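Asks: Sequence:
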Amino acid sequence: MTQQAGQVVFTRGGVPESVHHVHVAVVDAQGWVVASCGDAGLVTFPRSSSKPVQALPLALAVPELPDDELAIACASHAGTPEHLAVAERLLARSGSSVNDLRCGTHPPFNPEAAADLTRRNEKPTPLHHNCSGKHAGMLLACERNGWRREGYAEHGHPLQVRIRELHAELGGVGVDDVRAGTDGCSVPAFALPLDATARIFARLAAPQGELAPALERIFAAMTAHSFLIAGPGRLDTTLMPLVPGLAAKMGAEAFYGMALRDTPRGPLGVAFKIADGGERARPHVALAVLEALGVPVTEEMRALAPATLQNWAGREVGTVEAHVGLTWA
Numbered sequence: 001m002t003q004q005a006g007q008v009v010f011t012r013g014g015v016p017e018s019v020h021h022v023h024v025a026v027v028d029a030q031g032w033v034v035a036s037c038g039d040a041g042l043v044t045f046p047r048s049s050s051k052p053v054q055a056l057p058l059a060l061a062v063p064e065l066p067d068d069e070l071a072i073a074c075a076s077h078a079g080t081p082e083h084l085a086v087a088e089r090l091l092a093r094s095g096s097s098v099n100d101l102r103c104g105t106h107p108p109f110n111p112e113a114a115a116d117l118t119r120r121n122e123k124p125t126p127l128h129h130n131c132s133g134k135h136a137g138m139l140l141a142c143e144r145n146g147w148r149r150e151g152y153a154e155h156g157h158p159l160q161v162r163i164r165e166l167h168a169e170l171g172g173v174g175v176d177d178v179r180a181g182t183d184g185c186s187v188p189a190f191a192l193p194l195d196a197t198a199r200i201f202a203r204l205a206a207p208q209g210e211l212a213p214a215l216e217r218i219f220a221a222m223t224a225h226s227f228l229i230a231g232p233g234r235l236d237t238t239l240m241p242l243v244p245g246l247a248a249k250m251g252a253e254a255f256y257g258m259a260l261r262d263t264p265r266g267p268l269g270v271a272f273k274i275a276d277g278g279e280r281a282r283p284h285v286a287l288a289v290l291e292a293l294g295v296p297v298t299e300e301m302r303a304l305a306p307a308t309l310q311n312w313a314g315r316e317v318g319t320v321e322a323h324v325g326l327t328w329a
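Just so you know, the sequence shown maps onto residues 1 to 329 in the UniProt record's numbering.
If you're looking for bench data, these hints aren't it; they were derived computationally from the structure.
None of these values were measured; they are calculated from a predicted model.
All C-beta atoms in this analysis are idealised placements derived from N, C-alpha and C, irrespective of residue type, glycine included.
Please note: incorrect hints may appear among the correct ones.
Claimed, not checked - Listed below are the simulated SDA-like cross-link pairs for lysine to any residue, each with C-alpha atoms no more than 20 Å apart in a straight line:
#1 Lys123 with Arg102
#2 Lys123 with Gly156
#3 Lys123 with Gly146
#4 Lys123 with Asp100
#5 Lys123 with Pro81
#6 Lys123 with Pro111
#7 Lys123 with Glu154
#8 Lys123 with Thr105
#9 Lys123 with Gly104
#10 Lys123 with Glu82
#11 Lys123 with Val161
#12 Lys123 with Val175
#13 Lys123 with Arg149
#14 Lys123 with Gly151
#15 Lys123 with Glu112
#16 Lys123 with Arg164
#17 Lys123 with Gly95
Unchecked claim - Estimated spans, in silico, between C-beta atoms of each pair:
#18 Thr319 with Gly146: 49 to 59 Å
#19 Arg148 with Val19: 41 to 51 Å
#20 Trp32 with Gly245: 46 to 56 Å
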């Protein structure tokens, strides 16, 4: 049932200036939707929040892979030297080179890394792309499974077919219910109901079945190497160390997934989508949801989502309020 969507309201001078509408689904370890806000059945793209699923064929095929390389395969990294070193190491395992990556090229997300390239008069390469670790992992998964590496990013490639099946299996839906588009990095982007994505994160929080060892390794890699998952000052990297038992992954257009192992209601999976893609509202929603689930929110966590707006002169000019009223099943 669709309920009233949550809101994040940005106010200036006491007048609401911007309103971001929010849809949330919360699923328990048994796969049941236990709480929601807005439309829990909203069909939408998790985008990079799918990366833990996209890394599953790698984790299954290469059980000896170091945790930092598994983490970079789940990452939307910032292109710092630390990120590039791990991605390059993973890429080399399949005998691949930067020229084999099909993710495209963009400057590093990290301003210092981007400025350093400019100072050296160097152009970014596909390795600097935030998805290069994912693509390097896909190439290795192909090599270990005996699949051709050529065309690994295409919809009909065996790797992408398997990843679509894994979305369906973990999300508790049929394969035909997993719709396909193309992501910014050229691999398939899969759309599925919001509660199905929350179910995926619940499986990450409480692994079970034959996929459990691989899911456990992905959870451990993400939480042990939170820096690699995003980078300096970014939400995943900052939030995970502050919340025990949390693996979190952001996706483009203001999607977010959280696997929570330690809540008053046991392990939970959370997925939320900010309808207009307003990513500035994401930390406010994340903290509001965590608080609603009984997770202690510290002052250090609140600093990630300031309740006041300041201008460039440091003056307080407005406020931010998140209204995410979860309805419990």
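Asks: Hints first: check each against the structure and report whether it holds.
Replies: Against the structure, the hints:
1. Lys123 with Arg102: Distance of about 17 Å is within 20 Å: holds.
2. Lys123 with Gly156: violated (32 Å)
3. Lys123 with Gly146: Violated. Lys123 to Gly146 sits at ~34 Å, over the 20 Å cutoff.
4. Lys123 with Asp100: holds (18 Å)
5. Lys123 with Pro81: With a Cα-Cα distance of about 15 Å, the restraint between Lys123 and Pro81 holds, given a limit of 20 Å.
6. Lys123 with Pro111: Holds, because 14 Å separates the two Cα atoms, which is no more than 20 Å.
7. Lys123 with Glu154: violated (27 Å)
8. Lys123 with Thr105: Given that 20 Å is the threshold and the Cα spacing comes to 9 Å, the pair holds.
9. Lys123 with Gly104: holds (13 Å)
10. Lys123 with Glu82: Roughly 18 Å between the alpha carbons, so the hint for Lys123 and Glu82 holds.
11. Lys123 with Val161: violated (34 Å)
12. Lys123 with Val175: violated (40 Å)
13. Lys123 with Arg149: Between Lys123 and Arg149 the Cα gap is close to 26 Å, so the pair fails against 20 Å, i.e. violated.
14. Lys123 with Gly151: violated (25 Å)
15. Lys123 with Glu112: holds (14 Å)
16. Lys123 with Arg164: Status violated; Cα separation ~34 Å.
17. Lys123 with Gly95: Between Lys123 and Gly95 the Cα gap is close to 24 Å, so the pair fails against 20 Å, i.e. violated.
18. Thr319 with Gly146: 49 to 59 Å: Holds, since Thr319 and Gly146 (Cβ atoms, about 57 Å apart) stay within the stated range.
19. Arg148 with Val19: 41 to 51 Å: 48 Å Cβ-Cβ, so the 41 to 51 Å window holds.
20. Trp32 with Gly245: 46 to 56 Å: Violated - the Cβ-Cβ distance for Trp32 and Gly245, about 20 Å, lies outside 46 to 56 Å.
Going down the numbered hints, you'll see the structure goes against 2, 3, 7, 11, 12, 13, 14, 16, 17 and 20, while the others check out.
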